[in-house]
Amino acid sequence: MADIIHFHRVSHRYGDGPEIISDVSFTLGQGEMAFLTGPSGAGKSTLLRLTALLARATRGQVLVGGQNLAEIKRRNVPAFRRQIGVIFQNPSLLTERTVFENVALPLLIRGHSGEDVGRRTRAALDAVGLLPKEKAYPQTLSGGEQQRVGIARAVVAKPPLLLADEPTGNLDPHLAQDVMQLFMRFNQVGVSVLVATHAVGLISRLPHRVIHIEKGSLEERRKAELMEKTHDFS
Amino acid sequence: MSARPSPRRVAHQPGWLERTLQDHSRAIGNTLGALMRRPVGTLLTAFVIGITLALPAGLNTLVANLGRASDGLQDSLRASLFLKDEVDADRGQQLARDLSRRPGVAAARYISRDQALEEFRSFSGFGEALDLLKDNPLPATIVVTPAAKQPQAATEALLKDLAALPEVAQAKLDEKWLQRLYAILALVQRAVLLIAGALALAVLIVIGNTIRLDIENRRDEIEVMKLIGAPSSYIRRPFLYTGLWYGLTGGVVACLLVEAGVLALVQPARQLAGLYDSQATLHGLSFDAGLLVLAAGLGLGWIGAFWSVSRHLRHIEPAL
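Those sequence lines, one after another, are chains A and B.
Residue numbering for the first sequence is 1 to 234, as defined by this note's numbering.
Residue numbering for the second sequence is 1 to 320, as defined by this note's numbering.
Hints are computed from structural coordinates only; laboratory data are not their basis.
Cβ coordinates follow ideal geometry from the N, Cα and C atoms, glycine included.
Among the hints, a few may not be true.
The following residues of chain B were derived to be distant from chain A, with all beta-carbon distances above 12 Å [claimed, not checked]:
hint: 1; residue: E221
hint: 2; residue: P231
hint: 3; residue: V262
Chain A is faced by these chain B residues, among others (derived, beta-carbon under 10 Å) [to be verified]:
hint: 4; residue: R19
hint: 5; residue: A107
hint: 6; residue: V224
hint: 7; residue: E317
Model the full structure from these sequences, guided by the hints.
In structure tokens:
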């Protein structure tokens, strides 16, 4: 099976600045879930930005779903992004719209009919346990709830790939665990998931692969090593 | 990409036409709703556009009214051809018949020297004075009425041709002032066109700037839209419709303003017309002119919005 994400010796810099990531190669298999760890500023976000075509590699090759991103023209970027669900640390919800309307957005831009929008949006809200809050406005929700609205919006159109950047950054450990469980549930139905996080303690108990990035370079870690590191910190 | 997390896709995807109608009706509903949620701002913008459009529309209405009023006076636009003394009555009558068949001539009437004397005697009140003269001092005349509906230049060319006829000693166009009025009207019409052009630019700038602020206010929304892969046509659409609504409401306001202005002027205009023994009344915007104002509003609204959107939308990129 083809890899859903394939980085081949990728480097990236902003303008004339220093390289944020250099010579990075890694893959995420179809239907795989993996964590991307590393200290702040190590290049985790940049890696996700490159994958979602929010930035373009200055060197090397990025393939997503077998597509070479360097060959995607500007006008085709929206169509590419519709294949990816993206989740931020800050869920960036639209405050003037209800939870339902926020989650329905990806369906509306795809031109789904009204009935279909209602059904799928409620299904997504149900999956994140927020169906009772569909008519609420985002400001009235807790941080964890807002994050789950963001996740519902990312998965509502059933993209084959989910990218999450510090999705638990603003959450207490208990809520963070709930969110991780959500990702695992989506992964179990076949979605490929890549989660950037520095919540090492949280993911150390999970069975998934960990890709560690430090100063723009990459190393894959075994669980034990990671545990060791965690203990070092504590 | 192949693997779909859930293969169960019962939903029916709307066809192209259905989807286009659905997308547009959603955009129309959303933009109208958004404008109605802040009625004061919307009305202010509509008024700025309306006043700007009302100026050329009002001037044009004024010119149309003046033109209509002067049309009533056109019957009195006549040329008198004074014939040379050696042209006899038969030749003169023949010439009048020839002239009346000329294109651009509505009528031509021959007045012999004797008839002229008679007319003069009965109308001028100087009858007795004429008796003192041995000879009839009046020339024979052909009174030519130019066709009413023809450009000023054609009438003038006609007069020039008539003056050049060998039988004609002198040609005189009556009511020179009417000619001048036509010239002034033509000038004003041209000026209205120029003003309309300048103000159309002003409307474009007003709408373009309003849309720019709108884009700025909805930056977050646009970023999210781009992030979830909304096509640029989808992101653009609500702004274009907003521009259309601004232009349309501006056009409606302009029509109302012109009508209000006409209503305010009807009474004094009637008095003025009365002084000239004219029955002319002030007319408001014609149906065609009203449609034109609305169409101008719509067109300028769309162009202004498109201009703004294509300048500002592409610079907004989602951050992660």
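Evaluation of the provided hints:
no. : hint : in the structure
1   : E221 : violated (5 Å)
2   : P231 : violated (5 Å)
3   : V262 : holds (42 Å)
4   : R19  : holds (4 Å)
5   : A107 : violated (69 Å)
6   : V224 : holds (6 Å)
7   : E317 : holds (7 Å)
Taken one by one, the earlier hints fail for this structure at numbers 1, 2 and 5, listed in ascending order.
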